[in-house]
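Engineer: Sequence:
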Amino acid sequence: MMKNQLIKFSRLLIIALSMFVVNSCQQCIEGEGEVTTETVNVESFAKLIADVDATVVLMKGEPAVTIEAQQNIRAAISVTIKSNKLTVKSTSCFKPNTPVKITIYSRIFEEIDLKGNVNLTSVNLITAKELTIRSKGASTLKLDVFVNDIDVKLEDNSQLTISGNCQNADLTLKNNAAFEGAGFNTFKMDLELTGSGSATVNAFKNLNVRLNGSGEILYSGDPQLDAKIDGTGRITKVN
Numbered sequence: 463m464m465k466n467q468l469i470k471f472s473r474l475l476i477i478a479l480s481m482f483v484v485n486s487c488q489q490c491i492e493g494e495g496e497v498t499t500e501t502v503n504v505e506s507f508a509k510l511i512a513d514v515d516a517t518v519v520l521m522k523g524e525p526a527v528t529i530e531a532q533q534n535i536r537a538a539i540s541v542t543i544k545s546n547k548l549t550v551k552s553t554s555c556f557k558p559n560t561p562v563k564i565t566i567y568s569r570i571f572e573e574i575d576l577k578g579n580v581n582l583t584s585v586n587l588i589t590a591k592e593l594t595i596r597s598k599g600a601s602t603l604k605l606d607v608f609v610n611d612i613d614v615k616l617e618d619n620s621q622l623t624i625s626g627n628c629q630n631a632d633l634t635l636k637n638n639a640a641f642e643g644a645g646f647n648t649f650k651m652d653l654e655l656t657g658s659g660s661a662t663v664n665a666f667k668n669l670n671v672r673l674n675g676s677g678e679i680l681y682s683g684d685p686q687l688d689a690k691i692d693g694t695g696r697i698t699k700v701n
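The opening residue of the sequence shown carries number 463 in the numbering used here; numbering runs sequentially from there.
Please note that the accuracy of each hint is not assured.
Restricting the straight-line Cα-Cα distance to at most 30 Å, the calculated cross-link-like pairs of lysine-lysine (DSSO-like) are [as the list claims (entries may be wrong)]:
(1) LYS557 x LYS650
(2) LYS650 x LYS615
(3) LYS604 x LYS509
(4) LYS615 x LYS563
Computed Cβ-Cβ distance ranges for the label pairs, DEER-style [claimed, not checked]:
(5) GLN629 x PRO561: 16 to 26 Å
(6) GLU592 x LYS557: 15 to 25 Å
(7) ASN534 x ASN610: 40 to 50 Å
(8) SER676 x GLY495: 22 to 32 Å
FYI, nobody ran anything at the bench for these hints, they're computed from the structure. Beta carbons are placed, not taken as given, at the ideal position from N, Cα and C, and that holds for glycine.
Based on the provided sequences and hints, a complete structural model is requested.
Structural biologist: Written as structure tokens, this is what we have:
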């Protein structure tokens, strides 16, 4: 009898310790101290990965990263660069008392990959032959671009507001993603929307659409439209 009780107690103790370890790992760092500004000089890069709960500002200039955050929050943000790709990410969960702002300088941006909850804006016009944009989670992007080709993949609750010009655009939206491109002039666009998301686009020559689910697409311009709909989604011309 005593042996069975000891075994039962040991099992309960192991479960309790496991729950304690899990909860400890999930605890977030609370922001402490004054806001500091630190600039990290880096080598040249053209690709960016951001996985951090912060406001990220892109600016044209010599390669560098400036981080404005409380001291203990700054310690939880890593900046690394490898194979022409800059990665800025949080090494642990944090709850700042003051919003974190990260300004990223580069001569050119050719690839932007966001994860989590990033609020990203570009101060300068982004010019490139090819531009790739990826976003998962609840990130928001606001960009002004001038490119030949653009490849965009948005998932979950990602939102992209974009203006400018391009020749060829390839857009893929999943779940509840949103693309606002009324001020983004394209000649040819391929658009695949799956889920309940939305897209506002402007195409002059060709617009190829694959709509699966309950999403909504608004388009302007006078393109030749090739559309296939599977579900209750809608495609509407707005001009």
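Engineer: All hints, please: hold or fail.
Structural biologist: Okay, the hints, checked on the actual structure:
no.: 1; hint: LYS557 x LYS650; verdict: 43 Å, violated
no.: 2; hint: LYS650 x LYS615; verdict: 17 Å, holds
no.: 3; hint: LYS604 x LYS509; verdict: 17 Å, holds
no.: 4; hint: LYS615 x LYS563; verdict: 25 Å, holds
no.: 5; hint: GLN629 x PRO561: 16 to 26 Å; verdict: 37 Å, violated
no.: 6; hint: GLU592 x LYS557: 15 to 25 Å; verdict: 38 Å, violated
no.: 7; hint: ASN534 x ASN610: 40 to 50 Å; verdict: 44 Å, holds
no.: 8; hint: SER676 x GLY495: 22 to 32 Å; verdict: 47 Å, violated
Against the hints set out earlier in the document, violations occur for numbers 1, 5, 6, 8.
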